[in-house]
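Engineer: Below, each chain spelled out in residue letters.
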Amino acid sequence: MVPAGSRVLDVGCGDGALLELLVRDRGVAGRGIELSQEGVNQCVARGLSVVQGDADKDLTYYPDQAFDFVILSQTIQATQRPSAVLEQLLRIGRRAIVSFPNFGHWRARIDIGLRGRMPVTEHLPVSWYDTPNIHFCTIRDFVALCDHLEVTVERKLALNAHGKRLKLGPKAHLANLFGEQAVFLLRR
Amino acid sequence: MQPIRTNHAAAKQDCSFARFGEGRSLELQCGQSIASPVIAYKTYGTLNAEKSNAVLVCHALTGDQYAASSHPVTGKPGWWSLMVGPGRPIDTTRYFVICANVIGSCMGSTGPMSINPETGRAYGIDLPVITVPDMVRAQAMLLDVLGIPDLFCVTGGSMGGMQALQWAASYPERVFSAIPIATAARHTSQNIAFHEVGRQAVMADRDWMGGRYMDNDMRPLKGLAVARMAAHVTYLSDEALHNKFGRHLQDRNAPTYGFDADFQVESYLRHQGSTFVDRFDANSYLYLTRAMDYFDLAADYGGILANAFRDTSARFCIVSFTSDWLFPTEENRLIVHALNAVAADVSFVELETTGGHDSFLLDVPELFVTIDGFLRSAAEMRGI
Chain A
1 MVPAGSRVLD VGCGDGALLE LLVRDRGVAG RGIELSQEGV NQCVARGLSV VQGDADKDLT
61 YYPDQAFDFV ILSQTIQATQ RPSAVLEQLL RIGRRAIVSF PNFGHWRARI DIGLRGRMPV
121 TEHLPVSWYD TPNIHFCTIR DFVALCDHLE VTVERKLALN AHGKRLKLGP KAHLANLFGE
181 QAVFLLRR
Chain B
189 MQPIRTNHAA AKQDCSFARF GEGRSLELQC GQSIASPVIA YKTYGTLNAE KSNAVLVCHA
249 LTGDQYAASS HPVTGKPGWW SLMVGPGRPI DTTRYFVICA NVIGSCMGST GPMSINPETG
309 RAYGIDLPVI TVPDMVRAQA MLLDVLGIPD LFCVTGGSMG GMQALQWAAS YPERVFSAIP
369 IATAARHTSQ NIAFHEVGRQ AVMADRDWMG GRYMDNDMRP LKGLAVARMA AHVTYLSDEA
429 LHNKFGRHLQ DRNAPTYGFD ADFQVESYLR HQGSTFVDRF DANSYLYLTR AMDYFDLAAD
489 YGGILANAFR DTSARFCIVS FTSDWLFPTE ENRLIVHALN AVAADVSFVE LETTGGHDSF
549 LLDVPELFVT IDGFLRSAAE MRGI
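Just so you know, the sequences run in chain order A and B.
Going by the numbering used here, the final residue of the first sequence carries number 188, and the count climbs one at a time with no gaps.
Going by the numbering used here, the final residue of the second sequence carries number 572, and the count climbs one at a time with no gaps.
Don't read these hints as lab results, they were simulated from the structure.
Honestly, I wouldn't trust all of these hints.
What the hints assert, rightly or not - If you want the footprint, here are the derived chain A segments under chain B, 3+ residues with CB under 8 Å: (1) 34-42; (2) 48-58; (3) 61-75.
All residues carry an ideal CB built from backbone N, CA and C; glycine is no exception.
Bound-form chain A, shown alone:
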């Protein structure tokens, strides 16, 4: 999705693994913002341009359209205000790539629907009282949010547990059932 030479901001970049991949292998001009100081320090020690910051508060400091791509990888469900964050992403970037664990996956539905328990799966591995994920959503929820915010979905992918793309045709509710994770390419 990200061509070489693009300006990229990875929001919630963790220890910098993805950013490093993009910078080293794809020749991307990459920057990062990460909440955990430990993560930031690891990134900077790897030679990546990363600042400590909070996706909910600190995206306002970036100028409009400063980046070709803003990536929010497996982070939107941990933000305080996902809708505001999404709007900021699309202000500071021409395009946004958002990935998240899909709460609508059949395993999660069985846990809730039949067992009556909050799902603990491979991609949602932490108990409800320990998880940093406070805003779960399903693929269909996310599509609805994009609609509501008048955000254009350029591409959407459902991935299985191993990150492999699922070929499910255009039917969103199949993706919602079988996709463990989703990746969306968005623009205003």
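Chain A is fixed; fit chain B onto it per the hints.
Structural biologist: Below, chain B alone, put in the same frame as chain A:
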């Protein structure tokens, strides 16, 4: 009263000097100028053929050019020998490191102790008041003399960090990367207040003699020592002082009910004060604390800090320390926000330490790993 020789003037200076001759002067922000300025400096390492590996290390308030070599007066190791040296993060086997004594200081560069060519005696407080931009302008003159078109990196802590920021703002085309550590884009009123306490201590000392003490072979030792004691407390942290001294008594089992140095911390501070006056000039203390107080990068750019960095394509690494309450993380964060606002290439780390503002001088492994990583990546981009 015993006349006292000024130790630091008599000490053998193991460094180089750039002497700007007749007709050359340093233009100052205050509108005046300093004729025929002298800049004392040390270099470590070798400049490469492309002249692309120069690193300028900027010292702090009471620092000097001996970043990685013994101090000629105290004999102590260089103030940043943990950071600068062979195999250290600022690797002198890879980079050409320059450290210059700032204008207004007292280790060989033109300052209040220098002879005023117009009067034949020391400037004293007749020297025009210098600012951080003036220090940087002098450093740029030095680089011109050394034939260095631009810097691979400019770095420093505290007042040195201010200089690094000023470099990026004043000479955007001459800075490839900047590492301002434990610093701020302006001195806060609390910072100014502490400095004022120090200056008043110096000026209240009878031996200061209106700044002309050198004419009488005197020095305001007591005043300068008190100034240093007060400043030193601001460089530490409550936790560090508690861990180091607590309420322990110095070489005694019970308080003496007097005003001797009963507590270990008192003894420590008195020692800090008395060793300081051996190596630093009182008038320089006035000038350099003033320069820090006047520093306000945003003010020179219409009050908006981001504007100072609009023209720079430098990579920045901002570093702050959790226990630094003199230049707290929040002040460093303001710099980061300003850099983000112009989409600059910036890294920002806050390191967990107990050493207070002094942390940038101490053995903090995470600091070295961070700077090392940043510089390696920058060197790769630079092709060195």
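Engineer: None of the hints should be skipped; say for each whether it holds.
Structural biologist: Against the structure, the hints come out as follows:
1. 34-42: Contact hint for the segment 34-42 of chain A vs chain B: holds, 3 residues under 8 Å.
2. 48-58: Since 7 is at least three, the answer is holds.
3. 61-75: holds (count 5)
Hint compliance for this structure: no hint is broken.
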